[in-house]
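Asker: Sequence:
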Amino acid sequence: MKVERPLTKTPMYAAMNAGRYQRQELIKLINRTEQTHLICYVSGLEAEIDRNDVIGFVEMLHNISENSPIDLLLNTCGGDVDACEKLVKLILAKAGNREFRVIVPDLAKSAGTLMALAASKIIMSNASELGMIDPQFLLRDARGNELMYSVTGYLEAYEGHCAALRRDPQDQIALLMLDSFEARTVQKFQGIRDRVRTFAEDMLKRRGAPSSTISHALMNSSKWKTHGQPIDYADAKQIGLPIEYLPPDDERWGRYWELYCSLRLLTENGKKIYESAYASQIV
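Using numbering that gives the first Met the number 0, you'd call the opening residue of the sequence shown number 0 and step up by one each time.
No false leads were mixed into what you were given.
Below, in silico cross-link-like pairs of lysine to aspartate or glutamate (EDC-like), each with a Cα-Cα straight-line distance of 16 Å or less: (1) Lys187 x Glu158; (2) Lys270 x Glu47; (3) Lys120 x Glu33; (4) Lys88 x Glu65; (5) Lys270 x Glu45; (6) Lys85 x Asp201; (7) Lys204 x Glu84; (8) Lys224 x Glu155.
Pair by pair, the computed Cβ-Cβ distance ranges are: (9) Glu45 x Arg183: 22 to 32 Å; (10) Thr197 x Cys161: 14 to 24 Å; (11) Arg205 x Gly269: 28 to 38 Å; (12) Lys270 x Arg139: 22 to 32 Å; (13) Pro209 x Val282: 35 to 45 Å; (14) Leu164 x Ala92: 39 to 49 Å.
The set of hints was computed from the structure by calculation and includes no laboratory data.
Note that CB positions come from ideal geometry on N, CA and C, so glycine has one too.
Let's have the full structure, built from the sequences with the hints guiding it.
Answerer: Now the structure itself:
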């Protein structure tokens with residue numbers, strides 16, 4: 000009687016997917032040592048958080064039971080606030096009353112920082128950085144050119160000129176500068192800023208943090224001079240965020256960094272990768 004050999008992956012298939020198998024074995028090792036369920040969202044510098052990310056997160060959360068601890072390895076320059084809120088709520092709904100942590104190997108800026116505020120702990124090292132929560136908005140100037148505006152910077156400039164005019168109603172410079180602000184744009188930007196601040200404070204209140212103090216610090220363009228200015232682990236801890244610092248030579252950090260490097264190489268040319276122990280998607 001002929002004995003059929005068991006079905007296995009073909010050599011070519013195994014070779015083509017060897018990188019993914021290696022990464023997912025490392026994720027499983029981290030899951031065992033950290034007693035958690037690690038999901039990874041890593042994007043290139045050109046890619047932003049948007050509504051299309053929902054499918055990737057649902058895939059990563061699919062095999063995780065309700066009320067399970069979840070860790071998110073996060074790398075992003077930011078993106079859409081509404082999408083950010085959706086992704087955070089998907090994770091929190093799955094984690095329930097268990098711990099949710101965010102690992103920042105490299106950067107989680109703007110909306111990425113906003114996502115990290117939902118965590119009970121943010122794990123960082125020397126290379127890690129958060130960023131000012133500063134929504135950016137595309138507008139056309141008087142000549143029809145498209146320009147990217149900082150919502151926070153725009154409103155702080157507007158409010159500064161208003162304050163100058165209250166002090167001196169005859170201040171010609173303030174009058175001239177205020178004439179360049181459009182009422183519709185000011186109103187729109189105020190709505191965006193209020194929306195972001197409310198979401199940030201709601202996330203901070205989950206762990207009983209001084210929400211208004213921290214959100215103000217993270218949205219203060221006087222403190223952070225540029226949109227990309229790094230907020231390192233020491234700055235973040237001073238602000239009041241729940242930072243766990245791991246030195247670069249720490250064994251745990253070494254595993255996170257190795258995994259991040261493997262993922263980051265796949266995100267050139269505006270790509271993103273969503274990966275867990277049982278899901279993997281590159282878009």
